[in-house]
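Colleague: Single-letter residue listing:
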Amino acid sequence: MSEELRVSPIETRGVAGKRRFAMVVDTRRCIGCMACQVACKAEYDTPLGVNRTWVPYKVVGKYPNVKRQFLPRLCNHCDDAPCVRNCPVEATFKVEDGGFILQRYERCIGCRSCMAACPYNARFMLPSHRTYTPITNVVDKCTFCFHRVTQNLVPACVQTCIGRSRVFGDINDPKSEVSYLVANNATQVLRPEEGTKPHVFYIGADRNATEFGRDAYHKPEVMEPERSAFKRNFKI
Amino acid sequence: MGEYVWFHDVSWHASYAIYFFVIGICAGLSFLSYGSWLTPALRPLREKAAYGSFVLLALGGLLLIADLSQPLRFFNVLNPAYLSFTSPLAWGSLNIAAFGVASVLYVLALNKGDEARGRLLATVTALLALGLPVYTGYDLAVHQSRPVWNTPIMPVLFVALAVASGSAVGSLLAGANEAAQKVLHQYMLWSTAAVGVMLVSILGTTHYGGSASELTFMIMTTGTMGLIFVGAGILAGTAAPVALLLAPMGRQQNGLMLSALLILVGSAALRYALLMGPQQLQTLY
Numbered sequence: 050m051s052e053e054l055r056v057s058p059i060e061t062r063g064v065a066g067k068r069r070f071a072m073v074v075d076t077r078r079c080i081g082c083m084a085c086q087v088a089c090k091a092e093y094d095t096p097l098g099v100n101r102t103w104v105p106y107k108v109v110g111k112y113p114n115v116k117r118q119f120l121p122r123l124c125n126h127c128d129d130a131p132c133v134r135n136c137p138v139e140a141t142f143k144v145e146d147g148g149f150i151l152q153r154y155e156r157c158i159g160c161r162s163c164m165a166a167c168p169y170n171a172r173f174m175l176p177s178h179r180t181y182t183p184i185t186n187v188v189d190k191c192t193f194c195f196h197r198v199t200q201n202l203v204p205a206c207v208q209t210c211i212g213r214s215r216v217f218g219d220i221n222d223p224k225s226e227v228s229y230l231v232a233n234n235a236t237q238v239l240r241p242e243e244g245t246k247p248h249v250f251y252i253g254a255d256r257n258a259t260e261f262g263r264d265a266y267h268k269p270e271v272m273e274p275e276r277s278a279f280k281r282n283f284k285i
Numbered sequence: 002m003g004e005y006v007w008f009h010d011v012s013w014h015a016s017y018a019i020y021f022f023v024i025g026i027c028a029g030l031s032f033l034s035y036g037s038w039l040t041p042a043l044r045p046l047r048e049k050a051a052y053g054s055f056v057l058l059a060l061g062g063l064l065l066i067a068d069l070s071q072p073l074r075f076f077n078v079l080n081p082a083y084l085s086f087t088s089p090l091a092w093g094s095l096n097i098a099a100f101g102v103a104s105v106l107y108v109l110a111l112n113k114g115d116e117a118r119g120r121l122l123a124t125v126t127a128l129l130a131l132g133l134p135v136y137t138g139y140d141l142a143v144h145q146s147r148p149v150w151n152t153p154i155m156p157v158l159f160v161a162l163a164v165a166s167g168s169a170v171g172s173l174l175a176g177a178n179e180a181a182q183k184v185l186h187q188y189m190l191w192s193t194a195a196v197g198v199m200l201v202s203i204l205g206t207t208h209y210g211g212s213a214s215e216l217t218f219m220i221m222t223t224g225t226m227g228l229i230f231v232g233a234g235i236l237a238g239t240a241a242p243v244a245l246l247l248a249p250m251g252r253q254q255n256g257l258m259l260s261a262l263l264i265l266v267g268s269a270a271l272r273y274a275l276l277m278g279p280q281q282l283q284t285l286y
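Residue numbers (the numbering used here), protein chains in the order written: chain A, 50 to 285; chain B, 2 to 286.
Hints listed in this document are in silico derivations from the structure and should not be mistaken for laboratory results. Wrong hints could be hidden among the right ones.
Some, not all, of what chain A presents toward chain B, calculated at C-beta under 8 Å [claimed, not checked]:
#1 TRP103
#2 ASN135
#3 VAL138
#4 ARG156
#5 CYS157
#6 ILE158
Since the model is a prediction, treat every value here as computed from it, not as a measurement. Note that the Cβ used here is the ideal one computed from N, Cα and C, for glycine as well.
Chain A extracted, bound-state conformation (with noise of 0.2 Å):
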């Protein structure tokens, strides 16, 4: 990474002497089994309706040739991550050591600024009732397992990948395999035209799974009412 690369001072990949965290995922390797989905569930407690890192999929080509594909999505970890900077009391943070954006529950108002501001939908509301974990009505997001990695472990859906899809390491170190995977491959980040530079990059993701689709708009009748269902049972 070369130093003119940074444009803003908040910016920690390539600087020396710092870590900064990045994940590769390889979506040729992914097979859909959405292991790394219930691995993180198992982690954080994370409550029915939200995700910290969820597995959307398109079918895509014409019968009889076609395929599904994977997108793994999860918090970008953003150098310059607008829901830090949208935040009023500070409770979403970065770590400069590593690039973790992390969020401090005990301080958090929840405003939803920050939902509003992420452009990759990373953050949700936690709601009211949990089983086992008291920290509830604050926003969460994936924090990249910042205990795991700071115990010198992978992130949960990296670690139970069985496709080896998720890589995670210090992209600021040379001999890292993620820097090895962005150097030797043609990577993609999601919607890099707002600026964020996140941390999450895709091998093998073309635009068909990256972009809006026209789906958007023109939702197939299937879906509705699946997402009229949602829509009545999440309450928060």
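Starting from the structure of chain A, add chain B where the hints point.
Modeller: Quick look at chain B alone, frame taken from chain A:
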């Protein structure tokens, strides 16, 4: 089934649109009360507008706090150790608090009949009131990923909406006072026309934008959202009152009352559509 989409909830719900509406009228009434010190025709509205503004501020404040998922932590926003000045919400909360203090002092000065202090406080209150629609518009405008919201014109639009809806309420309060109605006629006409011009500008740029903008344009101009935005907001709430105010009937009391009601319905619909419409597309991303 072609795809599996994870449904997301919208960030800000309709209660926030009600807050926008209430706080807009609150600011508009504050402008009118200040205007009464400069324009003698508005003198009968001075106290009514000041009290109305104060009551609506209390209501808006309660709505804003109730909309938080942690209402008791509202004081975090006023804690200097926590405050983040990169967020428009932080500026907004300071603005509301300062406006609240100035409003109380202004109402007290009006009650005492203290003319000199009243005039000064009216100026301070009106300046702080200007910050209310500016910050609410800016609150939306900073979200770089949202079509329609992310335009520098949004704070100006909210100021125009505040003047229009405040003048409409002022017109309803002024009743048969012809001198006041004559001034309010001009306020309503020009502010509503300004709203119309800005809406055309926003619609035009949204329609010519990228895929997200184009889809948002389609969401906002068709179906139920289209009925609210185009039907109630633009046609019934902006174009119709402007036409009515330009016609001879619009200078009579009944025409003015009807225009005022249409403006209020329109400004409520516009705030709802401007808040909710641009969030719909994101729920499917």
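Colleague: Hints first: check each against the structure and report whether it holds.
Modeller: Each hint, compared with the structure:
1. Taking 8 Å as the C-beta cut-off, the interface hint given for TRP103(A) holds, the closest approach to chain B being about 4 Å.
2. Among the interface hints, the one on ASN135(A) holds; its C-beta lies about 5 Å from the nearest C-beta in chain B, closer than the 8 Å criterion.
3. With a cut of 8 Å, the hint placing VAL138(A) at the interface with chain B holds, because the nearest CB-to-CB distance is about 4 Å.
4. With its C-beta approaching chain B no nearer than about 6 Å, ARG156(A) sits inside the 8 Å limit, and its interface hint holds.
5. Interface hint status for CYS157(A): upheld, as the beta-carbon distance to the closest one in chain B is roughly 7 Å, under 8 Å.
6. Interface hint at ILE158(A): satisfied, since its Cβ lies 4 Å from the closest Cβ of chain B, which is below the 8 Å cut-off.
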